[in-house]
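In the order they appear, the protein sequences are chains A and B. End of the first sequence = 500 in our numbering, gap-free, step of one. End of the second sequence = 1000 in our numbering, gap-free, step of one.
Treat the hints as calculated values from the structure; they're not laboratory data. Be careful, since some hints might not be right.
Stated by the list, open to error - Straight-line C-alpha distance at most 35 Å; calculated DSBU-like pairs for lysine-lysine:
| no. | chain 1 | residue 1 | chain 2 | residue 2 |
| --- | --- | --- | --- | --- |
| 1 | B | 962 | B | 504 |
| 2 | A | 369 | A | 309 |
| 3 | A | 386 | A | 368 |
| 4 | A | 318 | A | 207 |
| 5 | A | 56 | A | 462 |
| 6 | B | 556 | A | 12 |
| 7 | B | 678 | B | 556 |
| 8 | A | 38 | B | 820 |
| 9 | B | 504 | B | 686 |
| 10 | A | 93 | B | 710 |
| 11 | B | 556 | A | 93 |
| 12 | A | 207 | B | 818 |
| 13 | B | 692 | B | 809 |
| 14 | A | 210 | B | 512 |
| 15 | A | 38 | B | 962 |
| 16 | A | 210 | B | 590 |
| 17 | A | 210 | B | 818 |
| 18 | A | 12 | A | 186 |
| 19 | B | 678 | B | 967 |
| 20 | B | 837 | B | 710 |
| 21 | B | 593 | A | 16 |
| 22 | A | 12 | B | 516 |
| 23 | A | 318 | B | 710 |
| 24 | A | 309 | A | 178 |
| 25 | A | 7 | B | 512 |
| 26 | A | 320 | B | 707 |
| 27 | A | 178 | A | 369 |
| 28 | A | 200 | B | 710 |
| 29 | A | 12 | B | 538 |
| 30 | B | 809 | B | 837 |
| 31 | B | 869 | B | 841 |
| 32 | A | 200 | A | 7 |
| 33 | A | 56 | B | 538 |
| 34 | B | 869 | B | 590 |
| 35 | B | 889 | A | 16 |
| 36 | A | 56 | B | 512 |
| 37 | B | 504 | A | 56 |
| 38 | A | 192 | A | 320 |
| 39 | B | 993 | B | 946 |
| 40 | A | 207 | B | 710 |
Okay, here's what each chain looks like letter by letter:
Protein chains: 2
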Amino acid sequence: MDIKTAKETLLKMQDKASAYEHALGLLSFDGQTTAPSKTASNRAHAIEILSEEIYKLTTGEETVQVIEFLNEHREELSENELRMVDILRKSLKYMQSIPMEEYLAYERLTVEAGEAWREAKANNDFNHFAPFLEKIYETVKKFAAYVSPEMDPYDFWLNEFEEGLTQEFCEEFFGQVKSRIVPLVKSVTEKKQVDDSCLKGTFDEIKQEKFARYLMDVIGLDPEHVGLATTEHPFTTSLGSHLDERITTHYYPENVSYSMYSVVHEGGHALYDTGSDDSLAYSVLDGGVSMSIHESQSRFYENIIGRSKPFIELIFPKMKEIFPEELKDVTADEIYKAVNKVEPSFIRTEADEVTYSLHVLVRYELEKKLFRNEIEVRDLPEEWRKLYKEYLGVDVPDDTRGVLQDVHWSDGLIGYFPSYAIGSAYGAQFLKKMKEDIDVDACVAKGDFALINKWNREHIWKYGSSKTPKEILNIALGGEPFSLDYYVEYLQKKIESVYE
Amino acid sequence: MDIKTAKETLLKMQDKASAYEHALGLLSFDGQTTAPSKTASNRAHAIEILSEEIYKLTTGEETVQVIEFLNEHREELSENELRMVDILRKSLKYMQSIPMEEYLAYERLTVEAGEAWREAKANNDFNHFAPFLEKIYETVKKFAAYVSPEMDPYDFWLNEFEEGLTQEFCEEFFGQVKSRIVPLVKSVTEKKQVDDSCLKGTFDEIKQEKFARYLMDVIGLDPEHVGLATTEHPFTTSLGSHLDERITTHYYPENVSYSMYSVVHEGGHALYDTGSDDSLAYSVLDGGVSMSIHESQSRFYENIIGRSKPFIELIFPKMKEIFPEELKDVTADEIYKAVNKVEPSFIRTEADEVTYSLHVLVRYELEKKLFRNEIEVRDLPEEWRKLYKEYLGVDVPDDTRGVLQDVHWSDGLIGYFPSYAIGSAYGAQFLKKMKEDIDVDACVAKGDFALINKWNREHIWKYGSSKTPKEILNIALGGEPFSLDYYVEYLQKKIESVYE
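All chains should be built: construct the whole structure from the sequences, respecting the hints.
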């Protein structure tokens, strides 16, 4: 094998894999958007076959040889080529270390666990789900030992979902979240509560869609490359490459803010993905690099921009135009306060900006304790209640609105939650850096997102996955170390402006 | 190779191919329905790669060997297995007989010809398209000679698109169309014309969609397996198997009947496809067998059922409910006459039931003359005008509304048109046979489509492609020979009832 051929083969393999990913992504998207209701097993037929093909392609002998060959000639590779090899070696190592039989058994387990979780949630019956979650914990610990026996298993999984993330970082991060944001939330609950009834009412879905498309336009999404659809739960997906991006939302007629902020949140993900340099398309370097950087962008647009006063003032005339009757006597200031209402609650996905990271804190602490064998799966409901009471001051009424609320654990996503909170904190420090270069508030007030998006593109988006999350953080922060100060300060100011 | 392994390999190959077809079908469907506007080249990237994979799969050495092996052991194959082998051998023979270079050059030619056709149509400039069409004719003649040198080239292409179709049959068929339907059309033009203004107005698209879904329900489409979407031109497509079917329509606010009959027409295609026996899924025997049988079903539901008096009376209350203002003073009888208005026109796709086959007749005669070198491509506009004047009595005003109106020829679909007309005629004879078993009018009047659909399922649908079109015709007609009498008689009666 010569180096030139090996490089070409590597690119060709990724090129081909992206076509399969395109098809698989579209099959899933179709299933969640327009497919008739009883076509899932027909779709599963295609998904299974195409997944097997992509598995053979990416772990086949030729691919393994090429990757190993290139890894032995690192000095002859460009930076991007090195990064490709590292990303591909990481997933190869995972696939090669786990006995195929155990891997498939785990795939089946998570399917069954998902079913059990749905039933358990519907019936407020944690015991029905517990045996599955126990097996999942057993398996993820075993898999971590197979792949990286030298690593602490929780560190292994944190790093699987967020390259470079460690318990050491999480301990420091969530320690500060606990010591600084818990008191912040307590301070709000002592104040006169904000009235958010202006967001409630009856908001026609067609008008909401019009509003959604307006918001996409405002934040600078390119309608020629980014589509909008409706699904049960909002999400963002790239099809084939960053050149075809889809975001979804859900319209609740009784609540105008749900879709509004879903669109701006998913819009942030889509801006990040579509901002990849075009040269990265059809390779593993295309699209956002990690959960935390992704959330730093989605939550930046949703919260830092989308819940700011200038943004509300910017979009207010259009809101009134689309919903003249529904928002008849409402002022921009009332909307600003309503969308920033801070209220400890049970459900993470409905949490406000200030309490959000406490929901994640609870999950982090429980995962950690389970990995350290300080608690067992059967203790989770009780521990969950205790922590929600302690951090959020609420009495969780049942497990459906408690430990059973999220799908993640049933799907084997253990070690996945922390990045949700970390990304939010990154965003606040990005804002501070951005403000050194441009007048963010003035741009938002004018509806001029070109400069804001350009800053993000130059500092974050264009790299796609060609840098590690840490490298991107370093670029965006200009070498400054990450600090929670900016996030806490940002939240403090927000609270002050809303709760005078 | 043993016979058992060979059979399994054959099934597995088709199973896999259907997954690729599913993905390719969905990519195309997505492109025409929900994809953002500038994502075509991103989609083409995936399509190209997956098409290459399916090509390798279906023409690869292993597949060829298995098919040839099974063909040498025909006595050991079931009826369905024999049919699979025959279908696969036919397409293999095609692919193997044409030099790859010429095949690819032709693919490129049709892409360029499509572009040229669009421009030519937009600018009423046939000369811009003519050189491409000349090359297309040259190539299809050459390809016919490569694959089946013993066959007349036009017969070859008729048989490619409609297994078993010959010029001999077409000569007889279109000879009768000319001698019997041309006078029928002339007889109408002498009568007092019907007023169809009740179908024109402003019909809200959301109401039209509601109406469309009602119509799908009426004719018995299963909403759990058949979806509805909107596209520029209506079509029907199966995704992966007959278990996931999509039909599309287009809503013109100014004309309620366009989408109405698009939905019933595409609904007929979908009923046929989804009626395949479930055991045929993921094989080449799944779904409708040919264009003419397909059109016999789509036009059966659209015209024979959908434009019948009992059908209009059945749906009339719902129409009034959905469009109370728009159809305020309109009666069912007025709608019945309006949807059955006979009027010679320029455009095939907008033609009424009676004139429709004359549009196809023109195309058949021109294709035949080109194959026989009786005319040349450059003569087409003139010949087109002459035939439209002769058969339809209209003066074609320009080539845009004349020879350039259809996309088919630019796409290399030569020999494709005849089955459009043949299918319509089949439908009339199916009706006559169906009436021997059930009271069709009474079923329609009651909105009870179960018996009608059961008859079609038992006689036509369930076979999918496991029988040849001729065999299916034979089953459905209970051995009776095909005759145009039933169609002509049907059209005569229709005219009498509309034009008293």
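Quick rundown of the hints versus the structure:
Between the alpha carbons of residue 962(B) and residue 504(B) the distance comes to roughly 26 Å, so the proposed pair stays at or under 35 Å and holds. A distance of roughly 40 Å separates the Cα atoms of residue 369(A) and residue 309(A); the hinted pair therefore is violated under the 35 Å criterion. Simply put, residue 386(A) and residue 368(A) have alpha-carbon atoms about 16 Å apart, close enough for the 35 Å limit, and the pair holds. Pair hint residue 318(A) plus residue 207(A) holds up; C-alpha atoms about 11 Å apart against a cutoff of 35 Å.
A C-alpha spacing of about 30 Å is found between residue 56(A) and residue 462(A), which places the hinted pair at or below 35 Å, so the restraint holds. With a CA separation close to 17 Å, the supplied pair residue 556(B) and residue 12(A) stays within the 35 Å bound. A C-alpha spacing of about 46 Å is found between residue 678(B) and residue 556(B), which places the hinted pair above 35 Å, so the restraint is violated. Using a Cα cut-off of 35 Å, the hinted pair residue 38(A) and residue 820(B) holds, with the two alpha carbons roughly 32 Å apart.
Distance restraint check for residue 504(B) and residue 686(B): the Cα-Cα separation of roughly 61 Å exceeds the 35 Å cut-off, and the hinted pair is therefore not satisfied. For the hint linking residue 93(A) to residue 710(B), the alpha-carbon distance of about 53 Å lies beyond 35 Å, and the restraint is violated. Proposed proximity of residue 556(B) and residue 93(A) is supported: the alpha carbons are some 30 Å apart, at most 35 Å. With a CA separation close to 27 Å, the supplied pair residue 207(A) and residue 818(B) stays within the 35 Å bound.
A distance of roughly 20 Å separates the Cα atoms of residue 692(B) and residue 809(B); the hinted pair therefore holds under the 35 Å criterion. A distance of roughly 47 Å separates the Cα atoms of residue 210(A) and residue 512(B); the hinted pair therefore is violated under the 35 Å criterion. For a cut-off of 35 Å, the pair hint linking residue 38(A) to residue 962(B) stands: about 20 Å separates their Cα positions. The suggested pairing of residue 210(A) with residue 590(B) is violated, with an alpha-carbon distance near 51 Å, which exceeds 35 Å.
Restraint check for residue 210(A) and residue 818(B): the C-alpha separation of about 29 Å stays at or below 35 Å, so the hint holds. For a cut-off of 35 Å, the pair hint linking residue 12(A) to residue 186(A) is broken: about 55 Å separates their Cα positions. Restraint check for residue 678(B) and residue 967(B): satisfied, since their Cα atoms lie roughly 31 Å apart, inside the 35 Å limit. Annotation: proposed proximity of residue 837(B) to residue 710(B) holds, straight-line Cα distance about 23 Å (limit 35 Å).
Between residue 593(B) and residue 16(A), the direct Cα distance comes to roughly 28 Å. Compliance with the 35 Å bound is thereby established for this hinted pair. Pair hint residue 12(A) plus residue 516(B) holds up; C-alpha atoms about 22 Å apart against a cutoff of 35 Å. Between the alpha carbons of residue 318(A) and residue 710(B) the distance comes to roughly 29 Å, so the proposed pair stays at or under 35 Å and holds. With a C-alpha separation of about 27 Å, the suggested pair residue 309(A) and residue 178(A) falls inside the 35 Å cut-off, and the hint holds.
For the given pair, residue 7(A) sits about 33 Å from residue 512(B) by alpha-carbon distance, which is consistent with the 35 Å threshold. About 26 Å separates the Cα atoms of residue 320(A) and residue 707(B), which keeps this hinted pair within 35 Å; it holds. Distance hint between residue 178(A) and residue 369(A) is fulfilled; the C-alpha atoms sit about 16 Å from each other, no more than 35 Å. At most 35 Å may separate the alpha-carbon atoms for a hinted pair to count; residue 200(A) and residue 710(B) meet this at roughly 28 Å.
Proposed proximity of residue 12(A) and residue 538(B) is supported: the alpha carbons are some 24 Å apart, at most 35 Å. Using a Cα cut-off of 35 Å, the hinted pair residue 809(B) and residue 837(B) holds, with the two alpha carbons roughly 9 Å apart. At most 35 Å may separate the alpha-carbon atoms for a hinted pair to count; residue 869(B) and residue 841(B) meet this at roughly 32 Å. Simply put, residue 200(A) and residue 7(A) have alpha-carbon atoms about 57 Å apart, too far for the 35 Å limit, and the pair is violated.
Proximity of residue 56(A) to residue 538(B) is assessed by CA-CA distance (about 32 Å); at most 35 Å being required, the pair is judged to hold. At roughly 27 Å between alpha-carbon atoms, residue 869(B) and residue 590(B) fall within 35 Å of each other, so this suggested pair holds. Our distance criterion of 35 Å between C-alpha atoms is broken by residue 889(B) and residue 16(A), whose separation comes to about 54 Å. With a C-alpha separation of about 17 Å, the suggested pairing of residue 56(A) with residue 512(B) holds against the 35 Å cut-off.
Between the alpha carbons of residue 504(B) and residue 56(A) the distance comes to roughly 26 Å, so the proposed pair stays at or under 35 Å and holds. For the proposed pair residue 192(A) and residue 320(A), the alpha carbon gap of about 27 Å is at most 35 Å, so the pair holds. Note on residue 993(B) and residue 946(B): the hinted pairing holds, with a Cα-Cα distance of about 22 Å set against a maximum of 35 Å. Note on residue 207(A) and residue 710(B): the hinted pairing holds, with a Cα-Cα distance of about 18 Å set against a maximum of 35 Å.
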